[in-house]
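Undergrad: Generate the whole structure from the sequences, applying the supplied hints.
Number of protein chains: 2
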Amino acid sequence: MSRIDAQLAFLSEADKLKSVLRGTTLCDGSRRENSGEHSWHIALYAMVMAEHAIRPVNIDRVIKMLLIHDIVEIDAGDNPIHGDHDPAEMDLIEKAAAERLFGLLPADQAGAFRALWDEFEAAATDDAIFAKSIDRVQPVIANLESGGGTWPEYKVTAAQLQSRVGVKVQKGAPAIWSALKARIDAWFAQHTG
Amino acid sequence: MSRIDAQLAFLSEADKLKSVLRGTTLCDGSRRENSGEHSWHIALYAMVMAEHAIRPVNIDRVIKMLLIHDIVEIDAGDNPIHGDHDPAEMDLIEKAAAERLFGLLPADQAGAFRALWDEFEAAATDDAIFAKSIDRVQPVIANLESGGGTWPEYKVTAAQLQSRVGVKVQKGAPAIWSALKARIDAWFAQHTG
Chain R
52 MSRIDAQLAF LSEADKLKSV LRGTTLCDGS RRENSGEHSW HIALYAMVMA
102 EHAIRPVNID RVIKMLLIHD IVEIDAGDNP IHGDHDPAEM DLIEKAAAER
152 LFGLLPADQA GAFRALWDEF EAAATDDAIF AKSIDRVQPV IANLESGGGT
202 WPEYKVTAAQ LQSRVGVKVQ KGAPAIWSAL KARIDAWFAQ HTG
Chain X
52 MSRIDAQLAF LSEADKLKSV LRGTTLCDGS RRENSGEHSW HIALYAMVMA
102 EHAIRPVNID RVIKMLLIHD IVEIDAGDNP IHGDHDPAEM DLIEKAAAER
152 LFGLLPADQA GAFRALWDEF EAAATDDAIF AKSIDRVQPV IANLESGGGT
202 WPEYKVTAAQ LQSRVGVKVQ KGAPAIWSAL KARIDAWFAQ HTG
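From first to last, the protein sequence lines are chains R and X. The opening residue of the first sequence carries number 52 in our numbering; numbering runs sequentially from there. The opening residue of the second sequence carries number 52 in our numbering; numbering runs sequentially from there.
Since the hints were made in silico from the structure, they are not lab data. Any given hint might turn out to be false.
Below, computed lysine-lysine pairings styled on DSSO-like, alpha-carbon distance capped at 30 Å [said to hold, decoys possible]: (1) R/67 <-> X/67; (2) X/232 <-> R/67; (3) X/67 <-> R/232.
Here chain X is said to cover these stretches of chain R; the calculated rule only asks that three of the stretch's residues, wherever they fall, bring their Cβ under 8 Å from a Cβ of chain X [claimed, not checked]: (4) 54-60; (5) 79-93; (6) 111-118; (7) 189-203; (8) 226-236.
Here a beta-carbon is modelled for each residue, glycine too, at the ideal position from N, C-alpha and C.
TA: In structure tokens, the structure reads:
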């Protein structure tokens, strides 16, 4: 297979990410968001919000990381942060997905894309920590904009939101979490208690 | 309004791009593609296909350009390349959309995003020429993958495809068009004449 044909095969397979539905809806609540459009949105989030990274990041690497971070869901599916799943099992499934999907690319690109995905997953570099924060911010906004979104469905409490989402956003972008906190507290004050 | 609040207002407004439907379908033909997921897919195309640019490009700028290039459609709608519309009128509508939408951002970012969008529209720099080529390639693949896609609906001929799409792809990424040409010719040979 020619180099371009291999690249086109990967890009056509990647199209399937547009059919993977996530736990959150669009901001207007009209339907579930898919992982393709989510990937676009968080890349845009990163582009706009780069200045709020807790430490300086290479925003171009962050954007690339976010563009490819969900591609494994084509094989592994989306696992909502508030849902039930076995992290160790999911880890194996996602690694196999990365192997197959990035493996469609020419070998040099397969290696580079896999390394970038591994870095995101490990969340140990400044770029990956910020990328992970941004990935957590966007669904919170979607839920707030759609009047609570899927929080009632998953029976999410304010404390769970802080421990599952807040802690991770604070690790990479504390200023953004501070801005969201007031909105989140207002929502829970109104809808619980 | 604080800087973060202005950025979040822009990002929530950008969410509406996920509800703008395009002239092409997903590769599996199951539904129309929206401009949000399209923007993700072509950014990924650019990331994978950078080596095929006719002249060296700054791929990081190309990716950013592609992430924001369709945002004006939130106000202006999508105008399929094979559809009927008045280019001069569309130009005015899209410029007003750029003014309003990028204007939601803090002034420095509004200026930077607008400059990047203007550069894409003008298609005069190497980065913009390659970005435009990539934007034209992805719908062709979607149509080929979905068995002709929306070509029959728009009554597109092989000659129109060459003049409306081929010429522009060749300007920025001739090697990709060469790879597609054989597939396109095979499709039209089978479905016309």
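Undergrad: Do at least three Cβ atoms from the segment 111-118 of chain R come closer than 8 Å to Cβ atoms of chain X?
TA: Coverage by chain X holds here, the residue count being 4 at a Cβ distance below 8 Å.
Undergrad: Can you confirm whether the C-alpha distance between residue 232 of chain X and residue 67 of chain R stays at or below 30 Å?
TA: holds (24 Å)
Undergrad: Quickly compare the C-alpha distance for residue 67 of chain R and residue 67 of chain X to 30 Å and report which way the hint goes.
TA: Roughly 21 Å between the alpha carbons, so the hint for residue 67 of chain R and residue 67 of chain X holds.
Undergrad: Would you say the segment 189-203 of chain R counts as covered by chain X, given the rule of at least 3 residues with C-beta under 8 Å?
TA: Held - the segment 189-203 of chain R has 4 residues with a Cβ nearer than 8 Å to chain X, which meets the minimum of three.
Undergrad: With a Cβ-Cβ cutoff of 8 Å, does the segment 226-236 of chain R contain at least three residues near chain X?
TA: holds (count 3)
Undergrad: Check whether the Cα positions of residue 67 of chain X and residue 232 of chain R lie no farther apart than 30 Å.
TA: holds (24 Å)
Undergrad: Verify this for me: three or more residues of the segment 54-60 of chain R with a beta carbon less than 8 Å from a beta carbon of chain X.
TA: With 4 residues closer than 8 Å to chain X, the segment 54-60 of chain R meets the three-residue bar; holds.
Undergrad: Please check whether the segment 79-93 of chain R has three or more residues whose CB lies within less than 8 Å of a CB on chain X.
TA: holds (count 9)
The earlier numbered hints are all upheld by this structure, with none contradicted.
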